[in-house]
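Please take these sequences and the hints and turn them into a complete structure.
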Amino acid sequence: MGADVAGGLRRLMVHRKDGPVLARGALEIARLEYPDLDPDAYLRRLDDYAERVRAAGGAGLTDQVLALNRILFREEGYAGNLEEYYDPRNSFLNEVMDRRLGLPITLSIVYLEVGRRVGLPVEGVSFPGHFLVKLPVQGGALVLDPFDAGRSLGEEDLQEQLAQVYGDDPTPPVAGLLNAASPREILVRLLRNLKGVYLRRNQLEKVLDVMNCVLAIAPELASEVRDRGRLLERLECLRPALEDYQRYL
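Count along the sequence shown from 1, then add 660; that gives the number in my numbering.
Worth flagging that the hints you see were computed from the coordinates, not collected in a lab.
For every residue, glycine included, the Cβ atom is placed at its ideal position computed from N, Cα and C.
Just so you know, nobody snuck in bad clues.
Cβ pair distances, simulated, as ranges:
(1) Asp758 to Pro830: 41 to 47 Å
(2) Arg811 to Tyr908: 38 to 44 Å
(3) Leu703 to Leu881: 24 to 30 Å
(4) Leu909 to Asp700: 39 to 45 Å
(5) Asp758 to Pro832: 34 to 40 Å
(6) Leu802 to Cys897: 45 to 51 Å
(7) Leu726 to Glu893: 51 to 57 Å
(8) Ala882 to Leu726: 39 to 45 Å
(9) Arg811 to Pro833: 19 to 25 Å
(10) Asp758 to Glu893: 34 to 40 Å
So, in structure tokens, the structure goes:
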């Protein structure tokens with residue numbers, strides 16, 4: 661199944677490069693654990709959320725954001741899974757939508773997909789240690805945290821997040837860390853999160869499936885080629901390990 665998913669992701673990025681690949685890509689990743697998953701059922705649910713936001717929100721950007729937050733976090737009950745943060749289900753969009761629990765990145769995917777359906781120019785932000793969403797506004801950007809019910813974050817909040825990641829080391833300027841992430845970059849980060857979860861559980865075959873998916877959509881990531889070679893060596897798959905080492909060098 662891992663090879664099928666990697667191939668599906670590769671085709672998705674090639675044939676829908678300029679289209680709405682984010683939710684479909686995340687649901688394709690979920691097929692690693694749920695091979696019989698019907699993505700259209702979840703895409704229709706995103707459509708339904710968007711219809712409700714349109715019906716509840718006004719014409720202004722602020723009204724639409726408030727309606728989006730109300731639908732997703734109050735009415736539907738989406739929330740960050742603090743108690744079981746490293747549960748693999750938090751990385752699979754179908755499980756996140758069924759359980760209403762997820763990681764910053766998967767909750768952000770739901771937020772982005774619904775927001776875009778109602779015409780909000782929302783963008784993902786691959787912020788260090790915590791994925792976020794931003795919305796261009798007059799004079800700057802409104803930064804939102806779907807892991808915390810869509811709370812608006814100020815400069816001080818973002819600095820605190822950076823301090824958690826960098827510790828006593830100097831932190832980079834916040835403004836340089838708020839660039840929009842492409843769908844491909846979001847999917848790679850989602851896969852890397854899942855890779856970390858499986859490594860914590862020592863589920864090495866699943867780690868390999870995830871790494872194959874990363875390289876299917878981002879073959880230029882040399883560090884992933886190197887890491888896959890190391891993993892293949894641990895799994896005693898010596899010939900493909902050697903091929904990855906040669907490719908890395």
